[in-house]
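Protein chains: 2
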Amino acid sequence: MKLLDLEPIEVNIFRGVSPDENRQRIFGGQVAGQALVAAARTVDPERHVHSLHAYFLRAGDPKVPVLYEVDRIRDGGSFTTRRVVAIQHGRAIFNMSASFQVPEEGYDHAFPMPEVPPPEELPTMRERFLSAGVDLPDFLDRPRPIDIRHVDWAGPDRTPRPPHQHVWLRADGTLPDDPILHTIVLTYASDMTLLDTATLPHGGSWFDPTMFMASLDHAMWFHRPFRADDWLLYAQDSPNASGGRGLSRGLVFTRDGTLVATVMQEGLIRRARPAG
Amino acid sequence: MKLLDLEPIEVNIFRGVSPDENRQRIFGGQVAGQALVAAARTVDPERHVHSLHAYFLRAGDPKVPVLYEVDRIRDGGSFTTRRVVAIQHGRAIFNMSASFQVPEEGYDHAFPMPEVPPPEELPTMRERFLSAGVDLPDFLDRPRPIDIRHVDWAGPDRTPRPPHQHVWLRADGTLPDDPILHTIVLTYASDMTLLDTATLPHGGSWFDPTMFMASLDHAMWFHRPFRADDWLLYAQDSPNASGGRGLSRGLVFTRDGTLVATVMQEGLIRRARPAG
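Same order as they appear, the protein sequences are chains X and B. Those letters in the first sequence? Residues 2 to 277, by the working numbering. Those letters in the second sequence? Residues 2 to 277, by the working numbering.
Extracted from the complex, chain X is given alone in its bound form:
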């Protein structure tokens, strides 16, 4: 994915651009993915990222590039930590810390994968919209970098549901083998659908024009190797909504049931004023 390929400006400074999309603000997963690219460029590739923690500070402007400035806060014996600030128009729009580790062996356990239908039996998001007879959102009329298949699908139905959902996702096409690339693509994709989970008990969804939603933070832990161009199950729940915010959790499994990542995200969820 070209949008995750950054231009080096100085040793610790990188620049990224947004795809030519007609968005009002940059997709959060893109900034998080590009920030992880910037951090990883300053770390020995033998050390693998095992976690990241980020805040979204201001809406990103898709019309101008994003500057990523890396602070090498720690180079330790086993762990390397980086802080990254994403800047536009002279202001921080995003900040992230990420930790990298020399691979080691240790104790092993993992939550099991929930039983769900395989992705091949599930319609694409485009097919979901078409069969529901609702207007196709603009972005679904273009090729999408990530194929997402909802196991549970609220669709245009606003009936309140429990705050749980499962989606299969994978990058379209075949990616090179470099493990960090798969981690970056999952970072990008993990910002999709997660916050929606918090809206399910309230009859909402991300394509509900009466809800205003924005990611506030994003945290990930990477547990085992995986490929982002093969199907991954994203099992999501939301323990809480209060104070205008919703909190969601995700577990990511390969299709053979291996737990590969854990995700947390809080987002702002407001009832938007009706248009017009």
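Treat the hints as calculated values from the structure; they're not laboratory data. Because the structure is a prediction, the values reported are computed rather than measured. Every residue, glycine too, gets a C-beta built ideally from N, C-alpha and C. Careful, some of the hints might be misleading.
Stated by the list, open to error - Looking from chain B toward chain X, a few residues come up when the C-beta cut is under 7 Å (computed):
#, residue
1, Ser-19
2, Ala-111
3, Arg-225
4, Pro-240
5, Thr-255
6, Ile-270
As the list claims (entries may be wrong) - Which chain B residues stay away from chain X? Per the calculated CB distances, all over 12 Å, these:
#, residue
7, Leu-4
8, Thr-43
9, Tyr-56
10, Arg-59
11, Asp-72
12, Phe-80
13, Ile-94
14, Val-103
15, Pro-119
16, Thr-125
17, Leu-137
18, Asp-257
19, Leu-260
20, Met-265
21, Glu-267
Could you slot chain B onto chain X? The hints should help.
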């Protein structure tokens, strides 16, 4: 708690000390709590902290003070974000970001509290140790700021158990009413017992001398008001251990069943070399 009372050095710089404990390194919850004090001192008290994300970078030295330097990265209309770096001997030992919000109303849901016995029916940690006939750790021979009652107690038994546990906790004594103080005390206390959860399937516990454990990160989300000097149930599980690391999750409830906070922590867990 005096250890959470910082000395102001300059507008954005504060200094904290460690209690006179015979520890080899500073307790992680103390640094996280003091960093939150520092961040909150630079924010309008009408804005309440709703989340924090932190990395532990180097072991803290209890013999010298810790300097906390605050970066006012964002002052927005509804949200304020702060970054804090804790410094000793010229090096960063810890970094944190925290987000504060003007209180607002919104959608509301929460996971229910698990059913467990009340804290009054459970022995103190000191009583657990004494009745198990094992040597009392030094720190249990002194008054403790946090009273912890384990619902499930592995004790000196090393039988592997599922990665779930529940503890009741509260600050000893009565705290002033200021809400941020209760948040800070929970931040301090939430670093206790959480990582142990990841060792349960491997027959370990925090007082197992054959396991080396160290917090790597700490993230919290605050959902609703609470008092830290009244009992809180800390419901913990661990979705994963791999690569020398364990990941634990916590949900914190008041005793009437209100969900007040969510906690995530990854820690380093190594089989230590036997002493001698």
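A quick look at each hint next to the structure:
no.	hint	result
1	Ser-19	violated, 21 Å
2	Ala-111	holds, 5 Å
3	Arg-225	holds, 6 Å
4	Pro-240	holds, 4 Å
5	Thr-255	violated, 13 Å
6	Ile-270	holds, 6 Å
7	Leu-4	holds, 25 Å
8	Thr-43	holds, 16 Å
9	Tyr-56	violated, 5 Å
10	Arg-59	violated, 7 Å
11	Asp-72	violated, 9 Å
12	Phe-80	violated, 8 Å
13	Ile-94	violated, 9 Å
14	Val-103	violated, 9 Å
15	Pro-119	holds, 23 Å
16	Thr-125	holds, 29 Å
17	Leu-137	holds, 27 Å
18	Asp-257	holds, 15 Å
19	Leu-260	violated, 6 Å
20	Met-265	violated, 6 Å
21	Glu-267	violated, 6 Å
The structure fails hints 1, 5, 9, 10, 11, 12, 13, 14, 19, 20, 21 (numbered hints given earlier, in ascending order).
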